[in-house]
Amino acid sequence: MVYDPQNGLPASVGFYQAKPATYGDCPRAMRVTAVDKPDPSSPLGTKGIGEPLLGCAGSALLCAISDALGGHVFNRTPVVADMIINHVAGRPPTHGPLQTNCQ
Amino acid sequence: MRDMMPHFDLYQPDSVAAALELTSRLDEQAWILAGGQDSFDWLKNRTRRTAAVVDLGAIDELKGVRESAGGGLEIGALTTLTDIEAHPLIREKFELLARAAGRVASPQIRNAGTLGGNLCQDTRCWYYRHGVDCYRAGGNICYADTPEGQNREHAILGASRCVAVSPSDTATALTALDASVVLRSRAGERIVPISEFLVGPAINIRAMTTLRPGEILTTVRVPAIWSGAMFYFEKVADRAAWDFALVSIAAAFRMDGKRVADARLVAGAVACVPWRLHAAERAVVGRERSEDSAERAASVAVDGARPLNYNHFKIPLTENLVRRAIRDAQGA
Ligand SMILES: Cc1cc2nc3c(=O)[nH]c(=O)nc-3n(C[C@H](O)[C@H](O)[C@H](O)COP(=O)(O)OP(=O)(O)OC[C@H]3O[C@@H](n4cnc5c(N)ncnc54)[C@H](O)[C@@H]3O)c2cc1C
Ligand code: SF4
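For the protein sequence lines, the chains are A and B, in the order given.
The opening residue of the first sequence carries number 1 in our numbering; numbering runs sequentially from there.
The opening residue of the second sequence carries number 1 in our numbering; numbering runs sequentially from there.
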């Protein structure tokens with residue numbers, strides 16, 4: 001989601017600007033496995049799904065990016081492809097360290 | 001987004017003569033409609049209004065692909081992008097164009113969208129599409145070129161107050177193929193090279209083409225020059241489909257033995273028009289296509305680029321695409 005903070009304008013209006021992933025962007029095969037461990041602090045051993053997983057997905061992705069780039073380059077989210085391209089090309093980052101409004 | 005079609009008078013002529021009669025009678029009041037994939041956006045969002053629409057969809061003489069006397073092709077402006085992608089003559093002679101057409105938007109949009117409309121479509125600068133009063137809309141400010149401007153998709157080359165980029169994939173390919181367009185009005189016919197048909201903000205900040213009111217683009221002419229050459233097309237976008245280019249490259253190489261006799265390297269979405277990378281072309285002509293010549297060409301490809309706050313990544317991206325085009329171009 002992109003926003004022009006100076007003018008208060010939202011850029012991501014409509015599907016072609018908000019850009020949800022399409023069929024062509026998903027892997028052909030996805031492997032799913034469960035971590036077979038009950039949660040000791042809930043009465044039935046159940047765990048929350050949905051929201052809690054977002055943090056896990058973010059950290060898994062950041063770890064994968066760090067692994068690919070050979071170091072902890074981005075200690076932040078979101079990371080967008082532009083940042084990786086800039087980094088690999090040896091160019092200075094264009095996004096501020098705590099900036100969250102990234103296209 | 002309001003998503004309701006406003007009222008207008010709809011005309012559906014069945015010949016170019018009748019359409020020209022209408023456009024001249026209605027003068028600047030008439031909105032020319034082809035596949036509607038750009039037009040409907042403006043009209044439904046109500047950022048633009050028109051009293052009358054002249055729909056070219058029923059004019060059969062504007063559809064189809066013919067071989068011209070010199071071995072080039074004449075493509076009717078109303079030919080759909082799906083037909084361009086699949087047409088045997090285009091695939092045989094100018095595969096570059098077929099590939100570029102096949103990377104436009106999504107299958108549904110290619111079924112409706114036409115070649116003429118793809119060339120004439122307006123820029124996708126999101127501020128401008130939002131309906132703000134920027135330079136291109138007649139105002140006196142550019143919203144994208146500001147310290148907080150969200151300008152990731154904007155130009156790194158050839159900007160002049162406005163930093164919008166050309167959205168058309170086929171324009172990039174047709175520039176590499178030295179194509180020209182036939183423009184007809186009641187006064188007669190003009191044949192304009194595509195490099196003069198598409199204009200940047202230094203020439204006209206309000207329009208992306210030199211189409212005059214009352215004129216209709218009838219035909220795209222692709223000369224025989226690059227027929228059967230080695231081609232490369234690649235488009236980088238955020239999604240595999242249904243997305244405009246962040247940077248694209250259209251390349252053509254004519255070989256003389258192992259050496260490049262002539263070359264075209266054209267980058268899309270880096271400037272307001274498809275941008276010929278003249279220095280990179282010079283760097284490869286007379287040499288073999290190799291890692292070495294690819295490197296030389298890439299290193300001069302975007303000299304003079306002036307990135308905005310958020311589009312620095314377009315520089316390495318363009319350089320990489322030049323490398324790949326030289327290395328990986330393929331013959332028919
Ligand atoms: C979600 C989305 C994604 C897209 N992605 C891409 C993309 O990745 N790459 C790309 O290249 N395009 C893309 N497009 C743009 C789309 O391909 C073009 O808008 C379409 O090709 C326009 O063709 P049309 O026939 O629908 O033209 P219309 O929308 O009918 O017309 C477009 C403009 O051209 C004028 N015009 C059309 N034909 C003529 C003519 N013969 N003579 C004179 N004036 C004429 C019209 O007056 C209008 O101003 C996308 C569009 C959408 C909606
Ligand atoms: S880049 Fe051009 S179209 Fe976009 S806001 Fe600036 S002047 Fe308007």
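If you're looking for bench data, these hints aren't it; they were derived computationally from the structure.
No residue lacks a Cβ here, since even glycine has one placed at the ideal position from N, Cα and C.
Any given hint could be a false lead.
Pairs of lysine to any residue, SDA-like flavour, derived with a Cα cap of 20 Å [stated by the list, open to error]:
#	chain 1	residue 1	chain 2	residue 2
1	A	Lys47	A	Ala68
2	A	Lys19	A	Gly71
3	A	Lys19	B	Ala241
4	A	Lys19	A	Tyr3
5	B	Lys44	B	Asp60
6	B	Lys63	B	Ala18
7	A	Lys37	A	Gly55
8	B	Lys63	B	Leu89
9	A	Lys19	B	Glu189
10	A	Lys19	B	His130
11	A	Lys19	B	Asp38
12	A	Lys19	B	Ala18
13	A	Lys37	A	Lys19
14	A	Lys19	A	Asn101
15	B	Lys63	B	Glu189
16	B	Lys44	A	Ser12
17	A	Lys19	B	Ser106
18	B	Lys44	B	Gly158
19	B	Lys63	B	Gln108
20	A	Lys19	B	Asp55
21	B	Lys44	A	Tyr16
22	A	Lys19	B	Leu89
23	B	Lys44	A	Thr33
24	A	Lys19	B	Val199
25	A	Lys19	B	Gln108
26	A	Lys19	B	Asp238
Calculated from the model, a selection of chain A residues having no Cβ within reach of chain B, i.e. all distances over 10 Å [claimed, not checked]:
#	residue
27	Pro5
28	Lys19
29	Thr33
30	Asp39
31	Ser42
32	Leu44
33	Ser59
34	Ile65
35	Val73
36	Phe74
37	Asn86
For each hint, the structure was consulted:
1. A/Lys47 with A/Ala68: violated (31 Å)
2. A/Lys19 with A/Gly71: violated (29 Å)
3. A/Lys19 with B/Ala241: At roughly 10 Å apart (the allowed maximum being 20 Å), B/Ala241 and A/Lys19 satisfy the hint.
4. A/Lys19 with A/Tyr3: holds (14 Å)
5. B/Lys44 with B/Asp60: violated (27 Å)
6. B/Lys63 with B/Ala18: Since the Cα atoms of B/Lys63 and B/Ala18 sit roughly 16 Å apart, the hinted pair holds (cutoff 20 Å).
7. A/Lys37 with A/Gly55: holds (18 Å)
8. B/Lys63 with B/Leu89: holds (15 Å)
9. A/Lys19 with B/Glu189: violated (41 Å)
10. A/Lys19 with B/His130: OK: A/Lys19 and B/His130 at ~17 Å, within 20 Å.
11. A/Lys19 with B/Asp38: Since the Cα atoms of A/Lys19 and B/Asp38 sit roughly 18 Å apart, the hinted pair holds (cutoff 20 Å).
12. A/Lys19 with B/Ala18: Not OK: A/Lys19 and B/Ala18 at ~41 Å, beyond 20 Å, violated.
13. A/Lys37 with A/Lys19: Measuring from Cα to Cα gives roughly 36 Å; hence the hint is violated.
14. A/Lys19 with A/Asn101: holds (15 Å)
15. B/Lys63 with B/Glu189: holds (18 Å)
16. B/Lys44 with A/Ser12: holds (17 Å)
17. A/Lys19 with B/Ser106: Holds: A/Lys19 and B/Ser106 sit about 13 Å apart, inside 20 Å.
18. B/Lys44 with B/Gly158: This hinted pair is violated, its Cα atoms lying about 31 Å apart.
19. B/Lys63 with B/Gln108: Holds, at roughly 18 Å.
20. A/Lys19 with B/Asp55: This hinted pair is violated, its Cα atoms lying about 30 Å apart.
21. B/Lys44 with A/Tyr16: holds (15 Å)
22. A/Lys19 with B/Leu89: violated (35 Å)
23. B/Lys44 with A/Thr33: Not OK: B/Lys44 and A/Thr33 at ~46 Å, beyond 20 Å, violated.
24. A/Lys19 with B/Val199: The given pair, whose Cα atoms are some 29 Å apart, is violated under the 20 Å limit.
25. A/Lys19 with B/Gln108: The given pair, whose Cα atoms are some 17 Å apart, holds under the 20 Å limit.
26. A/Lys19 with B/Asp238: holds (8 Å)
27. Pro5: A/Pro5 not clear of chain B: closest Cβ-Cβ about 5 Å, inside 10 Å.
28. Lys19: Given that some Cβ of chain B is not farther than 10 Å from that of A/Lys19, nearest at about 5 Å, it is violated.
29. Thr33: holds (27 Å)
30. Asp39: Holds, because the least Cβ-Cβ distance between A/Asp39 and chain B comes to about 37 Å, which exceeds 10 Å.
31. Ser42: Check passes; 39 Å lies beyond 10 Å.
32. Leu44: Label holds. Min Cβ-Cβ 41 Å, cutoff 10 Å.
33. Ser59: The claim holds: A/Ser59 sits with its nearest Cβ about 23 Å from chain B, beyond 10 Å.
34. Ile65: holds (15 Å)
35. Val73: A/Val73 is indeed farther than 10 Å from all Cβ atoms of chain B, at 15 Å.
36. Phe74: holds (14 Å)
37. Asn86: At roughly 5 Å from the nearest Cβ of chain B, A/Asn86 sits no farther out than 10 Å, so the non-interface label is violated.
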